[in-house]
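Protein sequences, first through last, are from chains P and V. The first sequence begins at -5 in our numbering and counts up by one. The second sequence begins at 984 in our numbering and counts up by one.
Keep in mind the hints are simulated off the structure, nothing from the lab. There may be inaccurate statements among the hints.
Listed below are the simulated DSSO-like cross-link pairs for lysine-lysine, each with C-alpha atoms no more than 27 angstroms apart in a straight line [claimed, not checked]: (1) K100(P) x K63(P); (2) K43(P) x K1048(V); (3) K1048(V) x K990(V); (4) K100(P) x K52(P); (5) K52(P) x K990(V); (6) K63(P) x K43(P).
Okay, here's what each chain looks like letter by letter:
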Amino acid sequence: AQSVTQLDSQVPVFEEAPVELRCNYSSSVSVYLFWYVQYPNQGLQLLLKYLSGSTLVKGINGFEAEFNKSQTSFHLRKPSVHISDTAEYFCAVRPLSGNTPLVFGKGTRLSVIA
Amino acid sequence: SAVISQKPSRDICQRGTSLTIQCQVDSQVTMMFWYRQQPGQSLTLIATANQGSEATYESGFVIDKFPISRPNLTFSTLTVSNMSPEDSSIYLCSVPEGAYGYTFGSGTRLTVV
């Protein structure tokens, strides 16, 4: 079984400042990793995913994440945030084999302050 | 990428009643997943719905409370039965997309009063 821990439930940050949202996972098998964003009153949107290859993954809206296998982490970063980045961010994993459902972390609420 | 139409987008229901949520996908998919997102919480898998077989429910979820239909490869419904205020949540459907991705419906925001 897999589990995902998002270490921060809320992250306030000033506009144009950098941000890092932390995600650690636990799994007995290799996994794919995902970050989703949920804007207020909207559905989930894929930000980025790690499948294989380069451990630094670039996504939409200027976000990137780095996969660290030894630390079982997949932290999300953005060098300069905007007010429009205010949203809930979810880290998720699934095993490599089969069309199994995603296992989500509890989410991190990013609040960008003007 | 697949597009999911989920209805209704929101509803306010009386306790003791039932609500059926629909998800229509614009392509054929074998599996469909139903999730619940309680207020301020993450997404919890309710069940996996395969066409032509009974849905597989996760621990803590039962068919009598959350019956699921999957009549064909593009459509599924989830019913929330005999609702109580504790069922107030966002309900989402999801389908695998390609080899590794997933597409989500826009969600149904349910309030039980």
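Hints and how they fare:
Distance restraint check for K100(P) and K63(P): the Cα-Cα separation of roughly 21 angstroms lies within the 27 angstroms cut-off, and the hinted pair is therefore satisfied. The hinted pair formed by K43(P) and K1048(V) fails the criterion: a straight-line CA distance of about 34 angstroms is larger than 27 angstroms. With a C-alpha separation of about 19 angstroms, the suggested pairing of K1048(V) with K990(V) holds against the 27 angstroms cut-off. Distance check on the hinted pair: K100(P) and K52(P) sit about 22 angstroms apart at the alpha-carbon level, within 27 angstroms; holds.
In summary, the hint linking K52(P) to K990(V) is not supported, as the alpha carbons are separated by about 33 angstroms, beyond the 27 angstroms threshold. Simply put, K63(P) and K43(P) have alpha-carbon atoms about 15 angstroms apart, close enough for the 27 angstroms limit, and the pair holds.
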